[in-house]
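Student: The primary structure of each chain is shown beneath.
2 protein chains.
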Amino acid sequence: METTTKTGQPFDRAHMEQLMKRRLFYTPSFEIYGGVKGLYDYGPPGCALQANIVEQWRKHFVLEEDMLEVDCTMLTPHEVLKTSGHVDKFADWMCKDPKTGDIFRADHLVEEVLQARLKGDKLARGENVEAEKEDPKKKKKKAKVENVKLEDSVVTEYEEILAKIDNYNGEELGGLMTKYNIKNPVTGGDLELPVAFNLMFQTSIGPSSNAPGFLRPETAQGQFLTFHKLLEFNNTSMPFASASIGKSFRNEISPRSGLLRVREFLMAEIEHFVDPEGGKKHPRFEEVKDVELELLNRETQLAGKTKVETTPIGKAVSSGLVDNETLGYFLARIQQFLLKIGVDKKKIRFRQHMANEMAHYAADCWDAELLTSYGWIECVGCADRSAYDLSVHAKKTGAPLIVRETRKEPLSIEEYQIDLDKKKFGPTFKKDGKAVESAIEALTQDMREKLSLDLKNDGKIIVDVAGVGDGKVEIPKELITIEKRTRVEHIREFVPNVIEPSFGIGRIFYALIEHLFWTRPDDVDRGVISFPPAVAPTKVLLVPLSTNADFRPLVQQMGRKLRALGISNRVDDSSASIGKRYARNDELGTPFGITVDFQSIKDNTFTLRDRDTTKQVRASDDEVCKAVVNMVNGTETWDDVVKRLPIFDGQEIE
Amino acid sequence: METTTKTGQPFDRAHMEQLMKRRLFYTPSFEIYGGVKGLYDYGPPGCALQANIVEQWRKHFVLEEDMLEVDCTMLTPHEVLKTSGHVDKFADWMCKDPKTGDIFRADHLVEEVLQARLKGDKLARGENVEAEKEDPKKKKKKAKVENVKLEDSVVTEYEEILAKIDNYNGEELGGLMTKYNIKNPVTGGDLELPVAFNLMFQTSIGPSSNAPGFLRPETAQGQFLTFHKLLEFNNTSMPFASASIGKSFRNEISPRSGLLRVREFLMAEIEHFVDPEGGKKHPRFEEVKDVELELLNRETQLAGKTKVETTPIGKAVSSGLVDNETLGYFLARIQQFLLKIGVDKKKIRFRQHMANEMAHYAADCWDAELLTSYGWIECVGCADRSAYDLSVHAKKTGAPLIVRETRKEPLSIEEYQIDLDKKKFGPTFKKDGKAVESAIEALTQDMREKLSLDLKNDGKIIVDVAGVGDGKVEIPKELITIEKRTRVEHIREFVPNVIEPSFGIGRIFYALIEHLFWTRPDDVDRGVISFPPAVAPTKVLLVPLSTNADFRPLVQQMGRKLRALGISNRVDDSSASIGKRYARNDELGTPFGITVDFQSIKDNTFTLRDRDTTKQVRASDDEVCKAVVNMVNGTETWDDVVKRLPIFDGQEIE
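In order, the protein sequence lines correspond to chains Y and H. Positions 320 to 973 (this note's numbering) are the ones given, in order, by the first sequence. Positions 320 to 973 (this note's numbering) are the ones given, in order, by the second sequence.
Be careful, since some hints might not be right.
You can't tell identical chains apart in this list, so a pair holds if it fits in one copy or across any two.
Taking lysine-lysine and the PhoX-like style, the derived pairs with C-alpha atoms no more than 25 Å apart in a straight line are [to be verified]:
(1) Lys899 - Lys779
(2) Lys325 - Lys418
(3) Lys715 - Lys356
(4) Lys714 - Lys750
(5) Lys727 - Lys600
(6) Lys548 - Lys356
(7) Lys566 - Lys378
(8) Lys945 - Lys378
(9) Lys880 - Lys502
(10) Lys463 - Lys340
(11) Lys796 - Lys742
(12) Lys356 - Lys340
(13) Lys401 - Lys356
Just so you know, the hints here were simulated from the structure itself, not pulled from any lab data.
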């Protein structure tokens, strides 16, 4: 997909990827062993960038809202993920070529083939089509673009299918493959129909082989399983949120798109627990209600369209488009976070999940998607998971994953209550007494009402008790009373609902770099990455004017001073020209440069350079450090600094 | 093992563990599902403590020494760990009771049984023995202590075995079991001999089943595999270190001892790459040479003793006890780190590995052990792994995991060189030409010397060439010259050696809490944890004197102010007494408390309380904040603060 950089040039992915690899932002894992698809290592700048994004996330969410951060294990026993539904449902559809053994992910295959056909159609119609770049080193499994014109109606059909490609299940994907004659794109061979492939990595815990487990596919389950402890830690006060930052794993069928679809990835997830009664209000919704989001709603997509509408979140919630305030609050906060770390506002949209995409229990779900050269990519999911997770785990284990709160007004409940004459009951039913008693206790209100009439009319009732006699037990009125009475309830018990903002840090990392990568017109071979100071891997480059030893003490002193202020810095005292040294660090996204020159030795002043404008100011060491600290903490911008410190445009140092 | 708290009281593990669980420092994972042995979750205070320890580690090592931090994947293909030796050797010895199916870790079993017998002997001799605490909830697999006196010589034998229990291989453990008649301690049944159990979790990567992989057992391998890229990133400058912080996994046979032996754990590992020539000097060794360490050397242990010697690291290196400066440098730096985060100096020792314990390639290896109620626990390993890892991976993959450096003085090498007459060579050997040529090129210098004499004497040589004729090929002197010549080498190539300090963060976390846990004589039911301010989960507790609403704005203002200074804080505005609120936070190790009272409303002064002394000072908000920041950053101590701010001993607020 053709996208443009922040300066409006066409984005050159090959250039950016080459920079990423050369400067060791990230690199395929196990490359010297031939690599493993979907696994990447982060080198020093990537590692620092990732840590800074996480740090900002922690500040923006965990600290700002007093969330309870937890760190749960990745190893997860089978039973937990069976209960959560992952063992049965966490799968993609794959289809196999029985001849070659090739395996395809069904939805991706359909998408790719139809896109190739649409492209072929455009070619046939003489329209402009982005040239396909071939990578001769890569074994191509891609669908070929052939110059074949399609019927207008077929074009419309294809476009509609593509707009809702995430909405098909395996059977439907199989139907599309048959209907549109989709084959192995390399050999043209027939494919088997899609079958489910579970995406969890399986292993075995302990020395005996009867304890199967998985690597977690999300950090959420660990948080749900400790809900009752977290609630107690929070002095049983609601609502509250837990949060977790850690790796999760998905055994992708066919990883592609670099960092965007990987098998091991860092997630940051919030589980906000809220009372389902009262419309899931959020106490701070007022603060964000005017935040405007680009929304792509469910209906638009089902109609085969992708038009977004700019909507203040307040309006989206009040109109019912976004299900509730808490969900809306987090959508706005997600956007604020993305903007804070440097994501391009024009490249964010929120896409609502379609019915089939969403888990059956979810009340509503929106993805924050970021525009990249691979198209719109889901980077943050924000789902209302309702009471599903807590309920299933509580049901399975009997654990009290509930909230008990004292009602402000006691609740009066009219209900049929049953009293048994225990003294007579035992001797009458002997060893069956317990079973009969349990069966009576389990009677619903409707049945109790009916039986109270039977009792009045017949002087006895007949109750179903499995395993006792013929399963029907007669109870005479001497043993039992059934009466309508009023019960006053002081305590309310409820299962909280969960709003879950879930961040794929690796995807955000990648999209962010695409958004911030550009080149200067006078040096198009070198990239610049305009990280905001707070997330930049290194904040300051220290450059002595030359390798002259006289500069060294000042460089060291400045390095120590900045380090003490918490500002990461690196020295480049190589013999390359200053311009070249700066350019090398523009590639790493280092926002500031401090030059030590002969003037510095005389009067302890230094030049401070801004990466994006390449403008410089000159000031004392204290002033320079203060300006850097302010810009990193966000209390000043470069524009502010330029206004108050003297511009330096002495010699063009090259 | 009986240990004492920092105030000299007996350490009460049950009390501490109960506190850990109640205040959610950590908790068994999946507890509502019955739990999985060896897996623990960290709750909010534990999560913060862990993050702070990691933060201090990153400052102390990565930032201070400009290490290259990387983040590599946990999923690791089989081939990598086959090459590293883990597939074949990363195992513990387990033995099975064929009747009950019980599985024991052999070394632990021998240890436990002999210890129980020694205890029984002491009882029989009427000596004082620590009472065995029984936990009726736990299924006991422990060896029973029976009142049986042993021969004096047997006692000595047992003690010697226990002192070197880590030094036995499977066969030897089997021998001990037979010799000392060690059975299933619960049933008394016979056990099978020990067999190796590989400790890696296995899984399968991708949709086909032919890509086996493991969860990494250490973070080191990923660092080795990117060595050449890191070297280039470092401008090919040596020495340098990479570092990595992340989870690793060991499928323990029978996890026990809480956080000390778990199946998933956070590691922080450094791989310091150093030129093996020149004695592995370290440029900063001078800075640490006077640091005194408690050393337990190999010979002492093999003699069945555990006596440590206090030795300055400079002396330990110069005497050859510690193999080299770089290893010694890191031992000292490890101790400095441990002290910085609050480990008790009296509870640190460095134990040298015995021969069998150490990998065959290692030059030397020392563990930093911390004393806990479970005994001395390995918390940091520091090994000289020599060139082993880089060599085996380079050999397997052909990747250039080497350093090439220009020699200061070119090196002249006398060697036998071979010239072939290529024009005649081809026609003579035809299709076998390549094979013969390769065989000649592979000849060693010794063989070349011998063959040069043959050539002179016989006018021909005979070379072994597998697969050509009968494997012997005759080459006449017309085709070949062998001469001794001088070659000048300008470039030196070498495989760096690796010094690896490897930190088990979870074990340090646990030992640290044991070292810092104590109780006040006047409130023995409540624990206090004296975390240094820098690692404390929360730095400040904010307490309004009462629930009076007038205090709220000041509390909020102080909270914001501290947060802006990067100081984490929590409010306790419950109706409990101030004393009780402070005591609750002593349990969390919160070092400072700030009280908002009526005086605060009048003049904006606040009391600042120190956790350990419970003393208070009173000052303006700015002064109080400044003191807290200084104490967290370590530029001031409470003693300093008390000297310059007025003591507050107004009403005893209870």
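Student: None of the hints should be skipped; say for each whether it holds.
Tutor: Checked hints:
1. Taking the closest pair of Cα atoms, Lys899 and Lys779 never come within 25 Å of each other, the shortest separation being 98 Å inside a single copy and 59 Å across copies.
2. Taking the shortest alpha-carbon separations for Lys325 and Lys418, neither the intra-copy value of 47 Å nor the inter-copy value of 71 Å comes in at or below 25 Å.
3. In this assembly of identical chains, Lys715 and Lys356 lie within 25 Å of each other by CA distance solely across copies; the values are 20 Å between and 37 Å within a copy.
4. In this assembly of identical chains, Lys714 and Lys750 lie within 25 Å of each other by CA distance neither inside one copy nor across copies; the values are 29 Å within and 76 Å between.
5. Taking the shortest Cα distances, Lys727 and Lys600 sit within 25 Å of each other inside one copy (18 Å), while across copies they are farther apart (73 Å).
6. Proximity of Lys548 and Lys356 under a CA criterion of 25 Å is satisfied inter-copy only: 19 Å between copies versus 39 Å inside one chain copy.
7. Both within a single protomer and between protomers do Lys566 and Lys378 lie at most 25 Å apart by alpha-carbon distance, with minima of 19 Å and 23 Å respectively.
8. In the homo-oligomer, the alpha carbons of Lys945 and Lys378 lie at most 25 Å apart both inside one protomer (22 Å) and across protomers (21 Å), since each shortest distance falls under that limit.
9. When the C-alpha separation of Lys880 and Lys502 is checked against a cutoff of 25 Å, the pair qualifies neither within a copy, at 64 Å, nor between copies, at 64 Å.
10. Taking the closest pair of Cα atoms, Lys463 and Lys340 never come within 25 Å of each other, the shortest separation being 28 Å inside a single copy and 60 Å across copies.
11. Proximity of Lys796 and Lys742 under a CA criterion of 25 Å is satisfied intra-copy only: 14 Å inside one chain copy versus 118 Å between copies.
12. Proximity of Lys356 to Lys340 under the C-alpha cut-off of 25 Å is restricted to the intra-copy arrangement: shortest distance 16 Å within a copy versus 41 Å between copies.
13. Proximity of Lys401 to Lys356 under the C-alpha cut-off of 25 Å is restricted to the inter-copy arrangement: shortest distance 19 Å between copies versus 28 Å within a copy.
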